[in-house]
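Given only the sequences and the hints, what does the whole structure look like? Please build it.
For the protein sequence lines, the chains are A and B, in the order given. Yeah, the first sequence ends on 462 if you go by our numbering, and it's all consecutive. Yeah, the second sequence ends on 643 if you go by our numbering, and it's all consecutive.
Among the clues, some could well be false.
[To be verified] Cβ pair distances, simulated, as ranges:
(1) 233(A) to 590(B): 48 to 54 Å
(2) 301(A) to 495(B): 36 to 42 Å
(3) 486(B) to 333(A): 45 to 51 Å
(4) 495(B) to 431(A): 43 to 49 Å
(5) 286(A) to 592(B): 55 to 61 Å
(6) 573(B) to 83(A): 42 to 48 Å
(7) 208(A) to 623(B): 31 to 37 Å
(8) 643(B) to 73(A): 16 to 22 Å
(9) 569(B) to 312(A): 19 to 25 Å
(10) 583(B) to 208(A): 21 to 27 Å
(11) 545(B) to 431(A): 57 to 63 Å
Treat the hints as calculated values from the structure; they're not laboratory data. This structure is a prediction, so every number in the text was calculated from the model and none was measured. Glycine included, every Cβ here is placed at the ideal spot set by N, Cα and C.
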Amino acid sequence: MKKFFLIIFLMVAVNCFSQNKQVLYNFTSVPQSLMSNPGADVKYKVYFGMPFFSGISANVGSTSFSAYDLFSNNGVNFNVKLRNVLNSTSRGDHLNANQQLEILNAGFSIGTDENKSYLSFGMYQEFDLMGYAPKDPAILALDGNQPYLGKYFNLNDLSMKAEILSVLHFGIHKNIGENLIVGFRAKIYSSIYNVSSTHNSGYIYTDTNTSTSGPIYNQIISSDIQINTSGLSKFRKNFNGDVLSDIKQKALFGGNLGLGFDAGITYYLKPNLQFTASVVDVGFVSHTKEVKIFKYKGYFEQNGILPLFDGNLTKNSFDEFKSAIPLDSSATSYTTLRPIKFNSSIEYSYGEEYEEVCNCSNNNSGIVYRNAVGAQLFMMSTPRMPLFALTGYYRRKIIDALQLKVTYTIDSYSYRNIGLGLSSNLGPVNFYLMADNLLEYQDLSKARSLSFQLGLNFIFKE
Amino acid sequence: MKVNRNINIILLGLFVFLANSCTSNLDFNQANTIVVEPVVVSNLASFEIQASSFNIGGVEQPSLGAFSNFDVFSDPNLIRHVLEADFYFEIDKGIRRDFTIDINFLDVKDALLYTISFGVPANTSAFKYTIPFRGANLSLLEQTRKLAFVIHLNPGTPVLTSTSTEILKLRSSLTAYLKVK
Chain A
1 MKKFFLIIFL MVAVNCFSQN KQVLYNFTSV PQSLMSNPGA DVKYKVYFGM PFFSGISANV
61 GSTSFSAYDL FSNNGVNFNV KLRNVLNSTS RGDHLNANQQ LEILNAGFSI GTDENKSYLS
121 FGMYQEFDLM GYAPKDPAIL ALDGNQPYLG KYFNLNDLSM KAEILSVLHF GIHKNIGENL
181 IVGFRAKIYS SIYNVSSTHN SGYIYTDTNT STSGPIYNQI ISSDIQINTS GLSKFRKNFN
241 GDVLSDIKQK ALFGGNLGLG FDAGITYYLK PNLQFTASVV DVGFVSHTKE VKIFKYKGYF
301 EQNGILPLFD GNLTKNSFDE FKSAIPLDSS ATSYTTLRPI KFNSSIEYSY GEEYEEVCNC
361 SNNNSGIVYR NAVGAQLFMM STPRMPLFAL TGYYRRKIID ALQLKVTYTI DSYSYRNIGL
421 GLSSNLGPVN FYLMADNLLE YQDLSKARSL SFQLGLNFIF KE
Chain B
463 MKVNRNINII LLGLFVFLAN SCTSNLDFNQ ANTIVVEPVV VSNLASFEIQ ASSFNIGGVE
523 QPSLGAFSNF DVFSDPNLIR HVLEADFYFE IDKGIRRDFT IDINFLDVKD ALLYTISFGV
583 PANTSAFKYT IPFRGANLSL LEQTRKLAFV IHLNPGTPVL TSTSTEILKL RSSLTAYLKV
643 K
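Encoded structure:
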């Protein structure tokens, strides 16, 4: 029970960190930039990532508290710190964690200089978690209902979804004319494990009955809660199998399948003025295997025992509650939508220099720019309101083998998110490392959000 | 070129800064000290009885009784977190006779575990009674499976007849003080 309370409070306190990869976006010296915009202006002849090491990324974060706020060894009672965290959290706060591991990623160019296209393909594993702060249920668990007579504890505060899935993708990227590049990526999702409970409603209400008749309290529980799960049913009955082999089997199209796509463009308004836009993960997963759906649906007025004085035994109110709001389970299939991400940028480049080997196929006519400044917009769909982030950035080619990108991001959670990315090329070996919220690195325990991306690729340029 | 060199130094300096990040002293074992103390109120029972109910076939009955299942505290995982459970009773517009109300706590074999008993004077308009269960008494709640509500009419007058119009109203609540470590 102690763990239950801790989990509830952590869910309350942990907040959003979106899946924004603002440093990676349009950082085209890194092939993985194609994953956030299949129409990114990359110029490789061939690239392939080191299997399992080409793309490792994770985002975690919190806006209302940090590890320091809860676990600092500062002599303040943990329960006081916990209470402070709860008080600083609102029902709109949410957790959004994301992790990706590229298993395979490769691409190559085809066609002539006048009609060039790029094909890319690969597979990656992804973990997504999004949970809104269950503020009201947490208050109820912490204080009970006695201090809150007359308050409706909203059950629609309970909203979360989590998924582990693998994604097989195949993308095409084509130059159309001199100024426009378009890209499209088809995706097949294989969901390994899924839990979603995002459209709950209801309330728990207690207030003093002011009438001289009837029970002392007006107590109502109105519940419409549904928890969808897939891939997990075998774990409910003392699963003795091999979890790893279960994951492998489901990752290789043995899970619940879905389809999706990414699309993107790069358009040059001028040789040094670039516009990009992309949508990522427009898709769904149909959950038909190992499905278990749990429902708590009903309405119950808790009037207590109502003795009959007629010789018959009266049911207790808990039995009546279980009849009024029963736990139903079923194996009906359901569909989940992937969180759609939208990115867009406008970029101005300056500091002309000429490539030693001219690539005159595009609008650059052999000109490359040492510096670029730009702005990016990021949006992501959620079960409630979309998330937004606005980023300004500066990118610089320090030497041919080293590029850096610095970002400054403003979103709902931070007004001082500075990110930094490095992409180095030593011969065909490309290594990249990106991180954000650098100001928090003064004391990581106080960081409310952190993310990183790193990987190793082999790139053979044109 | 000087500007470029300075930019390079600044950017590379940021990476040095990144590599030299630090963290404050954290103690995750503090989570083991979590204590939650919710206070939960709930209706316990309520009824309204016509005084005429005490007269059956022209004969005044000395008592009326009712049974109800009651096993809310039977779960050991719940009762071990209960510090105190207060049973609160309210009597309103009593009948024109002194009476006594017994609430008997019965175990799984219907054996008597405990009795809450309180006398109510005639014509009571707002009688209130609270009894707390603490310490060893809480184990009685854990064993309880039924409650028996018994209303005893004390000897006296007036005799309750089939035309008596008064109403005895009882309502009660339960306040549970929990402590979860």
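Here is what the structure says about each hint:
For the pair residue 233(A) and residue 590(B), the beta carbons lie near 52 Å from each other, so the given range of 48 to 54 Å is met. Between residue 301(A) and residue 495(B), the C-beta spacing of about 38 Å keeps the proposed range 36 to 42 Å intact. A C-beta distance of roughly 48 Å is found between residue 486(B) and residue 333(A), which places it inside the suggested range of 45 to 51 Å. Distance hint check: the CB atoms of residue 495(B) and residue 431(A) are about 44 Å apart, consistent with the given range 43 to 49 Å.
For the hinted restraint 55 to 61 Å between residue 286(A) and residue 592(B), the CB-CB distance of approximately 57 Å keeps it satisfied. Checked against the hint of 42 to 48 Å, the C-beta distance between residue 573(B) and residue 83(A) comes to roughly 44 Å, which is consistent with it. Under the hint 31 to 37 Å, the C-beta atoms of residue 208(A) and residue 623(B), about 36 Å apart, fit the expected range. Range check, residue 643(B) to residue 73(A): Cβ separation about 21 Å, and the 16 to 22 Å hint holds.
A beta carbon spacing of about 20 Å between residue 569(B) and residue 312(A) agrees with the range 19 to 25 Å that was offered as a hint. At roughly 25 Å, the beta-carbon separation of residue 583(B) and residue 208(A) lies within the given 21 to 27 Å, and the hint holds. Remark: the range hint 57 to 63 Å for residue 545(B) to residue 431(A) is upheld by a beta-carbon distance near 59 Å.
Hint compliance for this structure: every hint is met.
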